[in-house]
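Protein chains in written order, with my numbering: chain S, 1 to 367; chain E, 1 to 367; chain B, 1 to 367; chain U, 1 to 367.
For the record, the hints were derived by calculation from the structure and aren't laboratory data.
Relax, there's no trap hidden among the hints.
Restricting the straight-line Cα-Cα distance to at most 20 Å, the calculated cross-link-like pairs of lysine to any residue (SDA-like) are:
| hint | chain 1 | residue 1 | chain 2 | residue 2 |
| --- | --- | --- | --- | --- |
| 1 | S | 199 | E | 259 |
| 2 | E | 199 | E | 188 |
| 3 | B | 21 | E | 73 |
| 4 | B | 49 | B | 18 |
| 5 | E | 146 | U | 361 |
Protein chains: 4
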Amino acid sequence: MAGSIYGTIFQIATWGESHGKGIGVVIDGCPAGLSLCERDIQQYLDRRKPGQNKYTTKRAEGDAVEILSGIFEGRTTGTPISLIVYNEDQRSKDYGNIASCYRPGHADYTFHEKYGFRDYRGGGRSSGRETIGRVAAGAVAAKLLKEMGIQITAYTKSIGPVEVPFSEYCYSDINENVLYMPNNDYAQKASDYLNSCMKSLDSAGGIVECIVKNMPVGIGETVFEKLDANLAKAVMSIGAVKGFEIGDGFAASRSNGSENNDSFCSKGNTIRKISNHSGGVLGGMSDGSDIILRAAFKPTPSIARTQNTVNTDGADTELIIHGRHDPVIVPRAVVVVEAMTALTVADMMLLNMGARLDRIKDFYERP
Amino acid sequence: MAGSIYGTIFQIATWGESHGKGIGVVIDGCPAGLSLCERDIQQYLDRRKPGQNKYTTKRAEGDAVEILSGIFEGRTTGTPISLIVYNEDQRSKDYGNIASCYRPGHADYTFHEKYGFRDYRGGGRSSGRETIGRVAAGAVAAKLLKEMGIQITAYTKSIGPVEVPFSEYCYSDINENVLYMPNNDYAQKASDYLNSCMKSLDSAGGIVECIVKNMPVGIGETVFEKLDANLAKAVMSIGAVKGFEIGDGFAASRSNGSENNDSFCSKGNTIRKISNHSGGVLGGMSDGSDIILRAAFKPTPSIARTQNTVNTDGADTELIIHGRHDPVIVPRAVVVVEAMTALTVADMMLLNMGARLDRIKDFYERP
Amino acid sequence: MAGSIYGTIFQIATWGESHGKGIGVVIDGCPAGLSLCERDIQQYLDRRKPGQNKYTTKRAEGDAVEILSGIFEGRTTGTPISLIVYNEDQRSKDYGNIASCYRPGHADYTFHEKYGFRDYRGGGRSSGRETIGRVAAGAVAAKLLKEMGIQITAYTKSIGPVEVPFSEYCYSDINENVLYMPNNDYAQKASDYLNSCMKSLDSAGGIVECIVKNMPVGIGETVFEKLDANLAKAVMSIGAVKGFEIGDGFAASRSNGSENNDSFCSKGNTIRKISNHSGGVLGGMSDGSDIILRAAFKPTPSIARTQNTVNTDGADTELIIHGRHDPVIVPRAVVVVEAMTALTVADMMLLNMGARLDRIKDFYERP
Amino acid sequence: MAGSIYGTIFQIATWGESHGKGIGVVIDGCPAGLSLCERDIQQYLDRRKPGQNKYTTKRAEGDAVEILSGIFEGRTTGTPISLIVYNEDQRSKDYGNIASCYRPGHADYTFHEKYGFRDYRGGGRSSGRETIGRVAAGAVAAKLLKEMGIQITAYTKSIGPVEVPFSEYCYSDINENVLYMPNNDYAQKASDYLNSCMKSLDSAGGIVECIVKNMPVGIGETVFEKLDANLAKAVMSIGAVKGFEIGDGFAASRSNGSENNDSFCSKGNTIRKISNHSGGVLGGMSDGSDIILRAAFKPTPSIARTQNTVNTDGADTELIIHGRHDPVIVPRAVVVVEAMTALTVADMMLLNMGARLDRIKDFYERP
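Isolated chain S, as found in the complex:
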């Protein structure tokens, strides 16, 4: 409970620092019988890999994942799946005044106060590389969900002030621009904006949106373990996320009931909603519509400008952060949001199986 373990049935334990030997995750509770190989995981990791374009850091890391346990004859065995990504560049280097200063917007100060000292190499455990464990495990959860027909897609809704309005979404554009935006024209505008940020030695934030399609009805528990409450925790636990919404989110607070309520209608043998202001969740349980959530990311705190701060002795000082840093982390965070969503939905799908006596009896009385 120092915080690196997540989930109730589909559980994960992540570990590793930015400049240590490696980063990894242990998945405990993945059902047996899922076909799984390293390629399934690598394609998710590749989406968060740095060095893909000029807006992301240029470190030449392979981030190749290795499966250490839990697979036999190509399938999960029900026992823990241990995944590791070795850090390729662990050379000791000069961390300059990073070691003795608290960077504004970073966790340096809070880490130091909580634990008495901190691993200052590359941010240690608060580095963005921590998300490798989330993404590797999320890839497994996503594959499990696909077996049940559930598809999760995340993309960049906005970067700084450049936001793609829903009416101009073109989902096929998402993988055609380096920013993962659902409209190539807006992606171009966002690129221009990022260039201007870089010129002024500044950084930008943005919003990631995530859609879950094909959810069965009733996933999520009532009261404290609502599906949307758990999604909020999952997504807010990603570094740099400062806000979370489901469905109409904050806009719903300015709406009226007559507009915000989604009417039900019958469609063949099934029940549908004629709109989806709820974002696919009613009373904390999936309502059969797409789940739609959004995460607000703050601007990258590492900027090239000189900043005022204090050192570990508590004295005022100026700080210049050397090296190259992403002017925006949003594009690389898209797959992290997808991963945290997959982990949460998978866990709540498994938790839901004990909700009804009739289905439990069916389960145990199968021939």
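Add chains E, B and U to chain S, keeping to what the hints say.
Okay, now just chains E, B and U, sitting in the frame of chain S:
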């Protein structure tokens, strides 16, 4: 894990339906030695009680809390504190087509699908009365935090489109208007807006803001158990909440690093931030500034207009919800946000105690 | 996590002191659709009720259970089931030197040291009345298991030195003698032994055995969450239990592999074991044979003799415990062992449902 | 929750199969500031290493542990500590009829039924090599406890019928004989017994005893989370353990209250017990005396004799297990019991810190 248990060390288990015998909560893990009586809890419950003004439901309920266990000679003993509020009006009545229809914006449909049937009396477990357990337990958590100098205050930031800008906050107004807004003039505008909603048989939403003062630095765990991630879950688990922010929240996504970063400075022997865009949390741990969070509530789904829906047989139908319902739940939800914040902060304060070997040794080596 | 919450999916939270307002339990995670009424629970509580014979305390308590929530139209709704038993006699009385002395063999001293003070009225939370919550919840778990054909039976294997050998078991005798022994003759010998204990102002212990019939194969998780490990915790958490065994238990440590191994054989279309030294668990998972476990109870610590002890000031003193106490608690503990077994097995049955992808797909693809 | 995660605050997640790439553990929640290096862990692993004498398997494994994360400048940082032991011999080999048969006394059948198939290579996850993760993590927990003056020692009390009586304990002998018995003469008798077992192609079991010295009073939570209940689960979760006792254990069931009760007495400024029948736990909390527990291990199920069993098609067959197997696992299990005890005590020490308001206030009000 059907969802009515919350917390890791300071844990609560809530129970009860809107029209059953009562509503209650068991608190397990409250430290021994806290002075506690029913009045401490009642004053929190009174703030969520209906019937206080024309915008809240008129049921004449006392909602008097009774302590059933866990107190000896006026202090908590470290054993479970059981609290109960009996429902005063349990008379069976005609629930009309509520029993056979799925109300738009409510959890009727999802409850029915998850569990196979539902307690339709007053919404059963998805009723707003479920929050009595949260508020009663939250009152205890808040009293515990006060012993450590921590103060939590929530209020209504906006109702519908009427939002009090930060520059016009007047905290002393909060308890002077029935909407708990930090500016009486805006409260009047919000009242006017609510009157217009009621005239058009409609309802409104709003935003609750909550501030935690006097937090020690370093509360919250890293990675998945971040303080803000847990606050997000806690607040998003309240019925009708559709969005959560900490600090600048969604606005941070449109900001730049140079503006969003809070510089550190020394002030006497302590370290301070010169601004608080972070909302008091860095890397998931409290940074010593005030924690500031916001929750977006959707409009009350029960409206007096005729609505389209389906019945439990899946056939299209029209629904009229009789009886009187709040045109807005936000003012009554203020204390619920405060309660969930208190429960979460108290739990993470206790969890934090094992973070450092030197402090653990001090703890166990006391004379 | 002060310890009164148990279970992962089928969870319970118990509360209440011996001489407070009442004792109760909240069950969260009981599947929806289980037919349940107070009589189902009362028949379990009646088995632990004092005053049934001369070996148990004579307090005239009804211990009538009341269901406060979670039931609609006679069936569980999937929401928390709150159960309460009011204490009938809460009159303040003279607790004599119990308040200022630490009774040997009781939790007085440890409670005082852990919490700084203690509720000394009747033992407070460490009283045997605490088991009311376990038994009430266990009755619900047992009813759930019966729906799946699983039957749990506990009985007194020994009292003091009087032990019924397996070869002389007569299960139909269990409910024919007040000691719940599976042989009326041995029950008579045990009664004689208890009479001699009472004459010498002393008390006795004993062993409770519990059998679970009709378990499906594969219940229990590997490594730390083995079925037998969880049963051990469940049973050892009952006050006064000092030992736990499954199958041959301690005798297995003196056996040889050739004797202790249970050979498998085919029987029609199923696989059976030709013996059951394992007690129904292999590798922490149920193996299809009966689960057989035993719990060793120490002698009742409250005895009528003068005892040496210290008072709360740390000074040596003599203690005489007034009032009437059970010379043996074993017969009343039989139903408590049964309850803890039922709670554990029910929880692990629900946890097991997510073990295999093929069965999860079947579950979610049902028509 | 497939079972490989253990603990509430001091948590571990183990992984790895007998013949996979390696075995490992992630420790999350170890306090920051603990001096730790690989040697600290290796000396525990060396005690469970096979090939040390003729009674343990002869595989030439180094079992060298590597720390992958969580340490900076020689001390724990409060972030996850990832430990790995690579399997040296992963060559594919002929597993003969092990793959198609269910070995009596092993988890083959239950694994297959639970998960639909199994990793039959060397027992997969049910192999004794699984304990490497427990022991590596237990070494860290033991080092943490030593910082607080707590010392844990386990040893072999009996092998088969050869049991060292308490009156003949000679603790200094423990590390002088390969069986870790507290009396070299009994160790010789046990060796003779094991030789006779091997001659008759058979195996033996035994009892491990473990003592925890220097416990503070009040560790352990009441009701379900008693210290002894958690120790029971921890120890019973070790493969092959069939029984658990604390203090007098099963013998207490045959004793009388006048004998079993431990009287308190004052000694200087402290309170002591004049005897320790309780085994250091009263009401589930440590009472200041040594904690004494025992675990009963069944005989090694792998024996060289021909055994009757069924194959995976459900047909009767005979099985001969080739290769060399330990005739007794008890000596190698000694350190595993010590490890599980350390993990449990460390976790409950951390959990206890939130028990009293006065101490929490002291903790947070330190200068």
